[in-house]
Structures are given as structure tokens and as C-alpha cells.
Amino acid sequence: MTLTTSSITPNEPNTGPAPTAASSPKPTWLQSAKRYWQLWAMLLPAVIFVAIFSYGPMYGIQLAFRRFDITKGLTGGDWVGFAYFRQFFSNPQFWPIMRNTVVISLWTLVMGFIAPILLALLINQIHSRRVKGFVQTVTYMPHFISVVVIVSMINLFLTPSTGILTRALAVFGLHDVNLLGSTGAFPMLYWMSEVWQHVGWNSIIYLAALSSVDLALYEAAKIDGAGRLQLIRYVDLPTILPTAGILLILNMGHVLGVGFEKVYLMQNPLNLPASEVISTYTYKMGILQNQFSYSTAIGLFNMAINFVMLVVANQISKKVSDTSVF
Amino acid sequence: MSQTKLQPAAKVAKTQAMPLPHRRRGIYKTPGDWAVDIVIAALITAIVLMVLYPLWFLLIASVSNQNLVNTGKVVWWPKGWSTYGYEQIFKDSRIWTGYANTILYTVAGTALNLVVTLPAAFALSRRELKGRRIVMFFFTVTMFVSGGLIPTYLLYESLGLLDNWLVFVIPSAVNVYNLIIARSFFETSIPEELHDAAQIDGLSYFGYFIKIVVPLSSAIIAVIGLYYMVAHWNDFFTGLVYIQTTSKQPLQLVLRDILLSNQAMSGGNGSVDGAGYGQEFADSIKYGVIIVSTLPLLIVYPFIQKYFNKGVMIGAVKG
Chain A
1 MTLTTSSITP
11 NEPNTGPAPT
21 AASSPKPTWL
31 QSAKRYWQLW
41 AMLLPAVIFV
51 AIFSYGPMYG
61 IQLAFRRFDI
71 TKGLTGGDWV
81 GFAYFRQFFS
91 NPQFWPIMRN
101 TVVISLWTLV
111 MGFIAPILLA
121 LLINQIHSRR
131 VKGFVQTVTY
141 MPHFISVVVI
151 VSMINLFLTP
161 STGILTRALA
171 VFGLHDVNLL
181 GSTGAFPMLY
191 WMSEVWQHVG
201 WNSIIYLAAL
211 SSVDLALYEA
221 AKIDGAGRLQ
231 LIRYVDLPTI
241 LPTAGILLIL
251 NMGHVLGVGF
261 EKVYLMQNPL
271 NLPASEVIST
281 YTYKMGILQN
291 QFSYSTAIGL
301 FNMAINFVML
311 VVANQISKKV
321 SDTSVF
Chain B
1 MSQTKLQPAA
11 KVAKTQAMPL
21 PHRRRGIYKT
31 PGDWAVDIVI
41 AALITAIVLM
51 VLYPLWFLLI
61 ASVSNQNLVN
71 TGKVVWWPKG
81 WSTYGYEQIF
91 KDSRIWTGYA
101 NTILYTVAGT
111 ALNLVVTLPA
121 AFALSRRELK
131 GRRIVMFFFT
141 VTMFVSGGLI
151 PTYLLYESLG
161 LLDNWLVFVI
171 PSAVNVYNLI
181 IARSFFETSI
191 PEELHDAAQI
201 DGLSYFGYFI
211 KIVVPLSSAI
221 IAVIGLYYMV
231 AHWNDFFTGL
241 VYIQTTSKQP
251 LQLVLRDILL
261 SNQAMSGGNG
271 SVDGAGYGQE
281 FADSIKYGVI
291 IVSTLPLLIV
301 YPFIQKYFNK
311 GVMIGAVKG
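These protein sequence lines are chains A and B, in that order. Heads up: the first sequence begins at 1 in the UniProt record's numbering, then just goes up one per residue. Heads up: the second sequence begins at 1 in the UniProt record's numbering, then just goes up one per residue.
Just so you know, the hints here were simulated from the structure itself, not pulled from any lab data. Note that the structure is a prediction, hence the values are computed from the model and not measured.
If we take Cβ atoms under 8 Å as the criterion, some of the chain A residues that face chain B in the derived model are:
#1 W29
#2 M42
#3 F53
#4 P57
#5 L74
#6 L122
#7 V138
#8 P142
#9 S152
#10 M153
#11 E261
#12 I287
#13 S295
#14 L300
#15 F307
#16 L310
With a Cα cut of at most 20 Å, we get these calculated PhoX-like pairs of lysine-lysine:
#17 A/K132 x B/K306
#18 A/K34 x B/K130
#19 B/K248 x B/K91
Some chain A residues close to chain B (C-beta under 7 Å, calculated; not the full set):
#20 Q125
#21 F144
#22 S146
#23 F292
Built from N, CA and C at the ideal position, the CB exists for glycine as well.
Modelling step: build the complete structure from the supplied sequences, incorporating the hints.
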């Protein structure tokens, strides 16, 4: 160790791979760490925060396999194996919760995937820079509204008989609907409001891809006799396909990851049979009822499924289209 | 793939090609093309209206007579001017405590976010740093694997973060997604020649980062600063799970109480007694509260909006 350090001291520290450093072509780890200690110092705070607050809780996952005992702490409880997982699987609420989670998230996944692509293709058709900028500014805006406000907008607009959307529906012949208390409408309310809020924001990435299209390609296609729709079909769409593929894979990793906040806030006694999902159930069991081990087991189960979905989607995509995340 | 590279090329191509397609379009624009144009214009108009109208309606409903709102008389413009909701809001101490708390959490949180994230992103962008791939992997794993709610809760408990305002600031210090965006920006948008020049001038990495990199990175600082800021401002979950004391509650929890738990007339606004207090007054307060709580972000938004395309694209290319 001392040998390697002394071999670097003749070189000036902190000057990076200067020509003089060529005398020691392959610096060892320690040499490298010494020379770049300032970079490591800049990295250190972030590493510490992530180690404590992201990796720290992972250590606590063992709770899913132990009977939590407040007197013995996190790791002191008796080892019970998969007992808490079995408890969850045999719970009569297990299948309804799984079904709700999958239904809500699949709708959101599919619609939330298609809508930004369509919007980006549409915005890309606008010739005027000003109009384009205006449309973008407007459609990005809802992304910044908080979940609490979005959910209360849904509630205000859909209030039975007085809400403005309830009235609008009555114009179309749907009288006295109470969508807020309907179990059938819950997934639809969820994904529609989700699309309304994020479609503009999620289209940015596709617009960025579309802006990289070589204009000569359009010219060539026009000379070949392509109309507007054919330009979209044969030039624009292939351009954004790789981006879309990667996003789809990443989204698949969240198939059981329906956001807690919005579902929790949208829940009411009437729609609960359709709106209880894994994340809200975990919260209620764990925080409200103090069933720590049980709740941890459900959370771990949820994460494991998500991870498997991500890997499967990635492998399929790799085979089918050569696009993959890892 | 950086935007700086693309734009000049696109501009050149456009200036050269522009006159031609214009003339050609004028000649060859078929009835079919016209139809497509009209359909596109109609769709765009419909989409803009679908986004703007709900927001506009919130605004006009907040200053209208609620009986007219609830009977469907208020459609395009405010009717029966009434600032009742706002008057009640200004008297309600819960909202202002929540506001003050959220501002504190947002400012402190965003400051820590930037101080921790930017230097780390810069270090990770330096190719000469041996082992940066391993560190990157260490960060990326946390995007897909986490301990879950209860282990996190128990950790915070053991660290004394329960019912402590620092829980809004410290645990969320690093967002890996933002870290990756910033790293990609430093990699692609800061010319390597600057680093060579800085080395010749004898600047250390600290000096190079502070004197050269940061001043050149206002775009990315604005974008990830806004991401962090919005996340803090809209954070509802942290307050719900980890805070018990009412006086420490952030704005979003106060909003939840007023907007969703129908506590519009209880507590704070002492001027009115809860009983016999009609739905229309509650609604009036709700519309007002939505406007009051959302306005700050919508005011900041247009100033930072121009950086969005860039920020999101950088994140997308290397994300």
C-alpha cells in the first residue's frame, strides 16, 4: 500500500490525467482515489443520504419474515418465514385488492401511454411556432397541480346534481349519475384525470424526439407522393417508437404501483370495493392498525411483482424490437 | 443528441428549405390536405379548451354566488360577484400556518436538494473518476427497490424524525432521477476544453465546479430546482404519515381537511358557527382555497417553462 502511494506523490495531485501522469499508465484504485479526492468529497453527501434513507429501510425488509416485537426492536422478533405472506394470500380481500390494483393500473398504463404519443404527433403538426408554444404551455400546466387539488376538482365537478360535469352529462341524457359513488366508474375517473393532468408533460419527450427528424426525410417522402397522414405514419411514428418502447418497459415496472396518494384521497365508503388497492391497504394495515410485519410483507410482495414485470417486459422488448433498458 | 447540436442544423435546413415547400404547398395542397389541416386545428382547439376550461371555471366559481354556480348559471363569466370564500380564507389561521410551514419546508428542502445533488452529479459526470459506474449503480438500484412503508417508518422513528419538520427536508435530499438529469447535462453541455483550460489555470475541481460549471448551468439548475420545489410544495404523503401535530402540518394536509373531509366550517374561521352553515358557503371556500393554494406555482411556472423541453430531453437521452 505504502509503495503505491509513494509512487504517485511525484506527480502533482489534483491535476487530472496530465501528460506527466503517463509515466504510470494504469493508476491503482488508491492512486485514483487520492488524485480525485475532491470529486469523491462532492459525491459523498449524496451517497450518505441514499445509503441511510434508501438502503436503510431495505435492511428492515426482514421484518416481513419476523413477528414484530416492539420490545426487541427491528431484528429481534421471532423468525416466522412466509407466515405473513400466507396470511395475505388467504385473506378474503386478497383477490378484490389484486383485481382493483391491476384494473386501475392497466387502464392508466395503456391510456397514459397512448395519449401523450397522439398529443405529440398532433402538436408536431402545428406550423406556427407561437401557437405550438402556447399549446405546449397550456397542456403542461396541470402537471404542477397537487393531487389534493386534483381530487377535490373531481369531487366538485362531479357532485351529484350540482357539479358542472354532472350537469354536462345530463345534457347528453345521463341524468342523476353519481360517478363519485360508483364502483364501475372508479378506474375511469382515475385514468381520465391522470391523462388530463399529465398528457402534456409526458408528450415533451416525444416532441423532443420528433424535433430531431431530418427535414430532408419529409421532403423525400413528399416527392414520393406521401400526404400529411402518411408523413405521420411513415416518418413521425417510426421516429418516436424507440422512446415509446423504453417508456413502456419502465411503466411496466409499476403495474402494481398505483400511486397511493390519489387513490387514497379518491376513496369514499361507496367506491371502496373498487378502490382499495395494495398501497392503500398497506398503509391502513401498517400505519393505522400497527400490523407492522403483515404490512411489510404486502409491500415486499408488491415490489417483487413490479420487479418481475419490469424484467419480463425488458426481455420481451429485447427480443421483439432490440430496445431494452438493461 | 443534445439540443444545442440539433437546433443550428434544423435552423439552417429550415431557412434553406422554407421558400420551396411554401410555394409547393400552395400549389399542391389537395382537398385532403385541407381536411387534415381543419381536423388538426379542431382537435388542438378542443384539447386546449379541455385543459383550460376546468381551471378557468375554478377561478370564476371562486368569485361567484354559489347558488348560481350550483344551479349551472355560471358558465363563462362570474355571476353574482362574491368574495365570501376569500374573506373566510383570510380569516382562517389553519391555511396561513400551513402556507408558512410549506414555504419553510419547500425552501429548506429545495436548498438542501440542490446543494447535495449538483456536486454529486458533477462528480459522476467526470469520466476520469474511477468507480463512478459502481456509484451510479448504487444510486440506480434505489429507483426500483425500496424498503417499503413500515421499514421506512421505523427508521424515521429511530432517527427521531417522526413529528419533526426535518422529515420534509432530509430524507428526500437526493432524487436519483434528478441526479441523472443533472449528470447528463454536465456531460453533454459543458465543453471539455473548459476543464482543460481550468486545469492550466490551476483550478481544483472545487474551483472549477463553483466558478465555471455552476454559472454555465442555470438552465439545468432551474429545471431540477423546479422539480424539487414542486415535489416539496405538493407533498402530501410525508405529512399524512409522519406528522401528528396540527401546527406542523403542511398546506396540502390543511387542504385535504378543508377540501375533502368537509371541515370547511369547523375550527379556524371563528366568525361563523358551524351549525346551519350551508353547502354553498362550503363550496365557495373550496373554490377559493384551490385558487389560493395553486396560484404560487402557476405564477412561477411561465418563467421556468422555457427550460422544460431542454431539461426533460436531457433526462430522456441518457436516462
